[in-house]
Amino acid sequence: KQEVTQIPAALSVPEGENLVLNCSFTDSAIYNLQWFRQDPGKGLTSLLLIQSSQREQTSGRLNASLDKSSGRSTLYIAASQPGDSATYLCAVTRGGADGLTFGKGTHLIIQP
Amino acid sequence: KAGVTQTPRYLIKTRGQQVTLSCSPISGHRSVSWYQQTPGQGLQFLFEYFSETQRNKGNFPGRFSGRQFSNSRSEMNVSTLELGDSALYLCASKGQGQSYEQYFGPGTRLTVT
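So the sequence lines, in the order shown, correspond to chains A and B.
For the first sequence, this note's numbering gives the first residue as 595, with consecutive numbering after it.
For the second sequence, this note's numbering gives the first residue as 228, with consecutive numbering after it.
So that you can see chain A by itself, here it is in the shape it has in the complex:
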């Protein structure tokens, strides 16, 4: 059974810092990995998707990497801003009809 772990569970940093969120998964037979952002009481916003054949994806200040063989992914946020405060979730899937398996998330607070 696939298990996804995210470390740290919570993180508070001053504005402007670069930071790294970690995600690990136990079964490397994944089709893709998605990083999401969730604001309190809201749905999920897709940030980045990395297919299993890819090593990284970038969008603006965000960069996600994937090491499928070791079961790890990182989300790098450059020059953090207060608006980045949210819960960040990673999820993996085997594709097709398979659902997403989520980690418990990292609750991020960026202090102004």
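Hint data in this document are derived by calculation from the structure and do not stem from the laboratory.
In this text the structure is predicted, and so the values were computed from the model without any measurement.
Heads up, a few of these hints could be off.
From the derived model, a few chain A residues whose C-beta atoms are all more than 10 Å from chain B [stated by the list, open to error]:
hint, residue
1, E611
2, A623
3, K662
4, R666
5, Y670
6, S679
Restraint-style ranges between C-beta atoms, simulated for each label pair [unchecked claim]:
hint, chain 1, residue 1, chain 2, residue 2, range
7, B, Q268, A, I601, 17 to 27 Å
8, A, G677, B, P288, 36 to 46 Å
9, B, T340, A, P634, 41 to 51 Å
10, B, G267, A, Q648, 29 to 39 Å
11, A, E650, B, T340, 44 to 54 Å
12, B, R290, A, E597, 23 to 33 Å
13, A, K595, B, N298, 32 to 42 Å
14, B, S297, A, Q705, 46 to 56 Å
15, B, F287, A, P634, 21 to 31 Å
16, B, P235, A, S640, 22 to 32 Å
17, B, G267, A, I601, 13 to 23 Å
18, B, R294, A, N612, 39 to 49 Å
19, B, T307, A, N612, 48 to 58 Å
20, A, P676, B, P235, 29 to 39 Å
Derived coverage of chain A by chain B (criterion: at least 3 residues anywhere in the stretch with Cβ under 8 Å from a Cβ of chain B; other residues may be distant) [as the list claims (entries may be wrong)]:
hint, region
21, 648-656
22, 685-698
By construction, the Cβ of each residue, glycine as well, lies at the ideal position given by its N, Cα and C atoms.
Use these hints to put chain B onto chain A, whose structure you have.
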């Protein structure tokens, strides 16, 4: 293109009642998945529908059911509600591209009293 929409956004029900939640996927998407989010268990997969057929189901009791219509809209039903069913219910749609990227709606907040 409009995103995934869910109705209603908030619901309050009593134990023992049943509830139906609705999800409209992004136009052109034929796959709809449902997830339950609770503080204790996090996000858990309920089931996935494609072209009106349930293709996959998570580890939830039979009280949780769903269906999909020919226009790809989906409904989820929970019968005999329990206090533990209080959660945020999210649906997601995905297109037929090779990425299997999923797009989520805003969710329905269900409170069972």
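(message) When the structure is checked against the list of hints, which entries are broken? Sort them ascending.
(response) Per hint list: 9, 21 violated.
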